[in-house]
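Novice: Chain residues, written in single-letter form:
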Amino acid sequence: MNKLSLFGLLGLVIRRDLVLAMRRRADVLTTLIFFVMVVSLFPLGVGPEPDMLRKMAPGVVWVAALLASMLSLSRMFSADYQDGTLEQMLLVPQSLSMLVLGKILAHWMASGLPLVLMAPVLGLQFDMSAQSLGVLMLSLLLGSPILSMIGAVGAALTLGLRGGGVLVSLLVLPLCVPVLIFGTGAVEAVNSGMNYASHLSLLAALLMLALVFAPWVTAQALRISME
Amino acid sequence: MLEVSDLACTRGDHRLFSGLSFSLSAGELMQVQGANGSGKTSLLRTLCGFMMPEAGEIRWRGQDIRELDEDYYAEMVYLGHLNAVKDELNALENLRINAGLAGCEVSDGQAIAALRRMGLRGRETLPVKVLSQGQRRRVALARLLVSDAALWVLDEPLTALDIGAVGLMQELIGEHLQKDGMVIYTTHQPLQVGNVETRYLALS
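Line by line, the protein sequences are chains A and B.
Mind the numbering: the first sequence is residues 1 to 227 in my numbering, read in order.
Mind the numbering: the second sequence is residues 1 to 204 in my numbering, read in order.
Treat the hints as calculated values from the structure; they're not laboratory data.
Since this is a predicted model, take the numbers as computed values, not measurements.
Hints should not be assumed to be uniformly reliable.
[Claimed, not checked] Derived lysine to any residue pairs resembling SDA-like cross-links, with alpha carbons at most 20 Å apart:
#1 3/A with 14/A
#2 129/B with 24/A
#3 129/B with 81/A
#4 129/B with 17/A
#5 3/A with 105/B
#6 3/A with 112/B
#7 3/A with 68/B
#8 129/B with 82/A
#9 129/B with 22/A
#10 129/B with 79/A
#11 3/A with 107/B
#12 129/B with 18/A
Sequences are here, hints too, so could you generate the full structure?
Specialist: Quick look at the structure:
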């Protein structure tokens, strides 16, 4: 029997989680529809004044993306926990951290990437310029994987707890503040004609940091939750 | 191969067992016996490293399993109360993914052969959702057929199985022991494996 390599495992987990997401499409769509609704409510509630809308656009889109990504967090491990798959995952002979990284990436592809792709369409409602739309997308592209990674740690820690869904949001949201600040900061920098590269560089640095530590921390948290 | 010495386990404030010592060598079969709540599942979960023992050591080939970690996991397979099969996937996908998580890459042919041996002919590509409890258990058990792990840790493997499947399990365990494998299991149903003497471990 062939042994599965480390990257073979990564591919297997990503494929598995994406197939599962496709067969439970409702879960993926709720996140996306929530995002679209929240962002669309603002012009209706605040009034159609282009100047004000343009000014608040990055903040609204980013906060909505942050809240939408919280919706799917509690599901990241709970289904596997309930049907026993998580037990088998802890016994993986390659590396639990790698497996967790696969799950995080798949979670991002199913719930974070659709938000990134939808953001420019929503940005049009706020009369954003083409350049700020581009930077908004870029900042979300760098920022949303960080949200999935910080969220994974929270989801693993609250696994099996009653009311874990709300608890994970309370735990994770404060930790996402830096991502929010640099994400919106980049778009605001474009709007005021400043250099936005520094904000994006900081986001990229945060992403690298999360990429290194989050899978390992999540793996340890899962082991603790299973005891 | 597997040596347990002076193991103690507590659940909350309740001491389940203490001073438990035994060893299991190649080709041996051990049944853990005890009333409900006597700590059978906790013992097996401790052997898997899910739970930290209160005291004592578990050694595999002379080394602590906490140190071996992933090297130990490559040589053992655990089957718990939960089947670890996904309702949304079909039997074949479930088996291939579960084998992958256990570190083995299994081809479609091997997986189908294993499922057929487990009596799931014609059900290979049905979503597990539509299978019965016993058939789901068979999908989970098929994992044993595609694994080359030496140690099998089986927690109530016979739940929901019919007489034919119980016979098949006896056959599988017999074959595994002949290949110098080891099996430690719990059950409340009689399980007779031909030519092999079952050792008993009683928890009280």
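Novice: Indicate, hint by hint, whether the structure satisfies it.
Specialist: Here is how each hint holds up against the structure:
With a CA separation close to 18 Å, the supplied pair residue 3/A and residue 14/A stays within the 20 Å bound. Restraint check for residue 129/B and residue 24/A: the C-alpha separation of about 13 Å stays at or below 20 Å, so the hint holds. In summary, the hint linking residue 129/B to residue 81/A is supported, as the alpha carbons are separated by about 18 Å, within the 20 Å threshold. Our distance criterion of 20 Å between C-alpha atoms is met by residue 129/B and residue 17/A, whose separation comes to about 17 Å.
Using a Cα cut-off of 20 Å, the hinted pair residue 3/A and residue 105/B holds, with the two alpha carbons roughly 6 Å apart. Only pairs whose Cα atoms come within 20 Å are accepted, and residue 3/A paired with residue 112/B is accepted, the gap being roughly 19 Å. Simply put, residue 3/A and residue 68/B have alpha-carbon atoms about 18 Å apart, close enough for the 20 Å limit, and the pair holds. Straight-line distance between C-alpha atoms of residue 129/B and residue 82/A comes to about 15 Å, which keeps the hinted pair within the 20 Å bound.
Proposed proximity of residue 129/B and residue 22/A is supported: the alpha carbons are some 16 Å apart, at most 20 Å. Straight-line distance between C-alpha atoms of residue 129/B and residue 79/A comes to about 15 Å, which keeps the hinted pair within the 20 Å bound. Annotation: proposed proximity of residue 3/A to residue 107/B holds, straight-line Cα distance about 12 Å (limit 20 Å). This hinted pair checks out: residue 129/B and residue 18/A have alpha carbons roughly 18 Å apart, not beyond 20 Å.
The structure meets every hint from the earlier list without exception.
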